[in-house]
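*Asks:* Required output: the full structure, derived from the provided sequences and hints.
Taken in sequence, the protein lines are chains A and B.
Counting along the first sequence from 1, when you hit position 159 you're at 159 in our numbering, and nothing is skipped either side.
Counting along the second sequence from 1, when you hit position 332 you're at 578 in our numbering, and nothing is skipped either side.
Simulated from the structure, these hints should not be mistaken for laboratory data.
Careful: at least some of the hints might be erroneous.
Result set (DSS-like, lysine-lysine): computed pairs, CA atoms no more than 30 angstroms apart in a straight line [said to hold, decoys possible]: (1) A:K171 with B:K578; (2) A:K159 with B:K578; (3) A:K171 with B:K541; (4) B:K564 with B:K546; (5) A:K121 with B:K263; (6) A:K96 with B:K451; (7) A:K3 with A:K208; (8) B:K538 with B:K500; (9) A:K118 with A:K208; (10) A:K143 with B:K263; (11) A:K147 with A:K159; (12) B:K451 with B:K541; (13) A:K54 with A:K204; (14) A:K147 with B:K571; (15) B:K263 with A:K204.
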Amino acid sequence: MFKAVINAEVFKDAIEAVSTLVDEAKFRLTKDGMSARAVDPANVAMVAFDVNAKAFDTFEATEGEIGIDLVRFMDILGMASKDDKLQLNLNEETRKLEIRTGGLAYTLSLLDPSSIRKEPKVPSLELPAKIVLNGTELRRAVKAAEKVSDHMALGVQDKTFYVEAEGDLDKVRLEIPESSLVSLKSTGNVRSLFSLDYLNDIVKSLGKAEQVSIDLGSDYPVKFTFGIAGGNGTVVYLLAPRIESE
Amino acid sequence: MGVDLGDLVEPREIELKELSNSTIAIDAFNTLYQFLSIIRQQDGAPLADDRGNVTSHLSGIIYRVTNLVEEGVKPVFVFDGKPPSFKAETIKARAEVREAARQMYEAARAAGSAEAYKYAQASTSINQQIIADAKELLGYMGIPFITAPSEGEAEASYMVIKGSADYVGSQDYDALLFGSPRVVRNITITGKRKLPRKNIMVDVKPEVLELKEVLSTLDITREQLIDLAILVGTDYNPGIYKVGPKTALKLVRKHPENMPAIFDEIGQTVENYEAIKQFFLHPDVTDKYEIKWGKPEPEKIKRFLCGEHSFSPERVDKVLERLVKAMSETKKQKTLSAWF
Numbered sequence: 001m002f003k004a005v006i007n008a009e010v011f012k013d014a015i016e017a018v019s020t021l022v023d024e025a026k027f028r029l030t031k032d033g034m035s036a037r038a039v040d041p042a043n044v045a046m047v048a049f050d051v052n053a054k055a056f057d058t059f060e061a062t063e064g065e066i067g068i069d070l071v072r073f074m075d076i077l078g079m080a081s082k083d084d085k086l087q088l089n090l091n092e093e094t095r096k097l098e099i100r101t102g103g104l105a106y107t108l109s110l111l112d113p114s115s116i117r118k119e120p121k122v123p124s125l126e127l128p129a130k131i132v133l134n135g136t137e138l139r140r141a142v143k144a145a146e147k148v149s150d151h152m153a154l155g156v157q158d159k160t161f162y163v164e165a166e167g168d169l170d171k172v173r174l175e176i177p178e179s180s181l182v183s184l185k186s187t188g189n190v191r192s193l194f195s196l197d198y199l200n201d202i203v204k205s206l207g208k209a210e211q212v213s214i215d216l217g218s219d220y221p222v223k224f225t226f227g228i229a230g231g232n233g234t235v236v237y238l239l240a241p242r243i244e245s246e
Numbered sequence: 247m248g249v250d251l252g253d254l255v256e257p258r259e260i261e262l263k264e265l266s267n268s269t270i271a272i273d274a275f276n277t278l279y280q281f282l283s284i285i286r287q288q289d290g291a292p293l294a295d296d297r298g299n300v301t302s303h304l305s306g307i308i309y310r311v312t313n314l315v316e317e318g319v320k321p322v323f324v325f326d327g328k329p330p331s332f333k334a335e336t337i338k339a340r341a342e343v344r345e346a347a348r349q350m351y352e353a354a355r356a357a358g359s360a361e362a363y364k365y366a367q368a369s370t371s372i373n374q375q376i377i378a379d380a381k382e383l384l385g386y387m388g389i390p391f392i393t394a395p396s397e398g399e400a401e402a403s404y405m406v407i408k409g410s411a412d413y414v415g416s417q418d419y420d421a422l423l424f425g426s427p428r429v430v431r432n433i434t435i436t437g438k439r440k441l442p443r444k445n446i447m448v449d450v451k452p453e454v455l456e457l458k459e460v461l462s463t464l465d466i467t468r469e470q471l472i473d474l475a476i477l478v479g480t481d482y483n484p485g486i487y488k489v490g491p492k493t494a495l496k497l498v499r500k501h502p503e504n505m506p507a508i509f510d511e512i513g514q515t516v517e518n519y520e521a522i523k524q525f526f527l528h529p530d531v532t533d534k535y536e537i538k539w540g541k542p543e544p545e546k547i548k549r550f551l552c553g554e555h556s557f558s559p560e561r562v563d564k565v566l567e568r569l570v571k572a573m574s575e576t577k578k579q580k581t582l583s584a585w586f
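*Replies:* Take a look at the structure:
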């Protein structure tokens, strides 16, 4: 059983955090909320998504799993206006999700959860640096880097967080000192390189967050953590590094 | 060739992208046969250079392997070594079939018959020159290859069991009999393909079979799966007359891991049964291999393909540009699996 009402925009923003990486996902439902773990087909990036029942106006669910085609789901959510309410209702008999918003009534066929790629385990990583900053800043850095290269370095040097991209011809660097960050903790200098293809997808959702925490190491995956649904949910992205060319 | 489990188990279709960053131990002979039999001209004649040497396999390797590498797939080609002694009969029988097909092909082509293509495909054979050319080109491309002590498919399976590779890439499912946890089909023919001799386009996708799933779906053990395959016919035995996959499944379930009882029931036996079964369970394989993706050498590839084998320099230039870029990307992007 699953029956819920939520603000359409809040929900769309939340689901987008997952749909930006994968086309289909398995959502786990409990009485306390919904969650999903998914890794992109190339095994380079993963998302862990949790939304608490409190994010919803009403939320009732029994334990279960639903498989959702996120491309179709996002299309439907895109039809809702900003302030619309979204009513979700799982029809157990037909295994379809009924979605009502602004007078529209959709029926979304669900996917067989066993046909979706297995959920990844979330690796536990001890990373030496933690930077907390505004999501918009990071999005700006990614957009700037894209103009010159297809990959970008994230690093901490002498208590300054920096983002750097170098193409065949041009170079861009953005430095944010500790004083302009929400916080910075680091046990030394770190630097890892990442694909902008992935970062660009990730900042779509992360760019809207007031505060993003970045856990960073050297030639290690980066971990981005931020709140969604008015603080009643979290998204964690992990992105594997690229190795600097020999 | 090989065992057709397709009637019993539905393989899972995937997108090629899902294999990105996966190492695939490709059964080289299987793939070369495929290139030689499908990369042909309208009348069924294989591609050839100015001196008449067949080049279909080279075309397959340069274009289709580049497509794979562009998707982030990391291929390793595993060539056959010395076949097991009990394969002699199969090899002889196949040579006869091919020779018959070759004669039919010559006749059909002379008569301008549409049947020519079919016979041409059936007459496909691999010789030492084809193998040597394939290895030479792979070497220039920076794609690793290994020669197995015995069957390539057995070595490829062993590499997946050991974790050196993620999948065996082959068009048949024999690797499951050799114990490979995962087999993927169609990787070198993925995409829109024209059905041979028909004007129909189909969208071919990679298909995955996992040993664990196959065994649990059929509710049998790997030994029973091997028995089942032997009853239907493998590369090493012709199979029992009138026993298809479904009948064989019934038999191995009725007499679990007891082939003598099955032979009693059907009143027939399989020559070399024990040897064949032992070969699937404990094939001759080696740990002495190195998988290392190198840097493509465009000049050597051009000299080899354009200079020696009459490929079009413009087309080769284009594919080389893609290959060089893709090979350097493949080495750089890490996957999360290293940290799981």
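*Asks:* Look at each hint and say if it fits the structure.
*Replies:* Here's how the hints hold up against the structure:
1. A:K171 with B:K578: With a Cα-Cα distance of about 20 angstroms, the restraint between K171 of chain A and K578 of chain B holds, given a limit of 30 angstroms.
2. A:K159 with B:K578: Holds - the C-alpha atoms of K578 of chain B and K159 of chain A are around 28 angstroms apart, at most 30 angstroms.
3. A:K171 with B:K541: Cα-Cα ~26 angstroms, so holds.
4. B:K564 with B:K546: This hinted pair holds, its Cα atoms lying about 15 angstroms apart.
5. A:K121 with B:K263: 21 angstroms, holds
6. A:K96 with B:K451: The given pair, whose Cα atoms are some 27 angstroms apart, holds under the 30 angstroms limit.
7. A:K3 with A:K208: 27 angstroms, holds
8. B:K538 with B:K500: The given pair, whose Cα atoms are some 47 angstroms apart, is violated under the 30 angstroms limit.
9. A:K118 with A:K208: 29 angstroms, holds
10. A:K143 with B:K263: 25 angstroms, holds
11. A:K147 with A:K159: 27 angstroms, holds
12. B:K451 with B:K541: 28 angstroms, holds
13. A:K54 with A:K204: The given pair, whose Cα atoms are some 24 angstroms apart, holds under the 30 angstroms limit.
14. A:K147 with B:K571: Holds. K147 of chain A to K571 of chain B sits at ~19 angstroms (cutoff 30 angstroms).
15. B:K263 with A:K204: 22 angstroms, holds
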